[in-house]
Amino acid sequence: LPDPAELLADAGASQPPSDGQLRRAVSTAYYAVFHRVQRAGVERFVGAGNAARPAYTLIYRGYSHGRIRAVCTALDAASLGATLQRQLKTSAVSQDMRDFASAFVALHANRQRADYDPRAAFSHSETIATVAEAASAIEAFDRTTNEERADVLALMLVAGRD
Amino acid sequence: MANLPKTELKKIARAAAGRLLGAAKVKGVDVIGSDALDYQPAYLFSFLYDGTRDPQHEALLRIRLRQKLRDELVARGDDGYPLITILGPLDWEKRQVA
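Those protein sequences? They're chains A and U, same order as listed.
Numbering of the first sequence is given in the numbering used here, commencing with residue 150 and proceeding in unit increments.
Numbering of the second sequence is given in the numbering used here, commencing with residue 40 and proceeding in unit increments.
Okay, chain A solo, but in the shape it has when bound (with noise of 0.2 Å):
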């Protein structure tokens, strides 16, 4: 994936950004999250160093966008519904973990935005934000434990029942 950064720096450098720049942008800076979300679990789950293994594609493919952002949106509250916390054995994800949740809420609609929605306005600084928050959400999810990132990313991975 092109850098999101690098992307809207290169567009800016000589001139302001096109609209279908910033586009590019805001959509980059989602999938930047949602790949670093893929790589985790099939580097969790069957080992980074087992790429060539049908496993890992299958993982890796595994993820999807709706079931990441139906987790994610479900871990964004102060207290988590009875469900999550049965499966989870918590009342509640760390802040990490939510900060890296809501920003990929956040994210995503705006990547929908972004590729769907030619009403949806988005300003250069703007778009520099949103690309800044998809560096904050990876950061924020790569500082939460190990054992709290795998139950999360399994949850991402099976539905399971309720």
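Since the hints were made in silico from the structure, they are not lab data.
Everything hinted at is true.
Calculated pairs, EDC-like style, for lysine to aspartate or glutamate (alpha carbon to alpha carbon, straight line, at most 16 Å): (1) Lys133/U - Asp168/A; (2) Lys66/U - Asp130/U; (3) Lys107/U - Asp245/A; (4) Lys238/A - Glu297/A; (5) Lys66/U - Glu132/U; (6) Lys64/U - Asp93/U.
Position chain U relative to chain A; hints supplied.
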């Protein structure tokens, strides 16, 4: 789940933004319904911010402001997910209004 009136949403948003961004620097607040989330209702809150823009700092502020709004809305029975834009004076007039 309730759908809070726009005046109440703006009041909640102004209070939350004032605490996180500084009341004197938040010059305007607007909110519209958004269909950016196809699985649940959402709001797009716009804030007119007249202060220094630092992307890294602003990224965290956006996250925390969104969480604060989400908690305030849930506490009032409104499940609309808050999306946020923080705009400078030049971009405020170009914001999405419907």
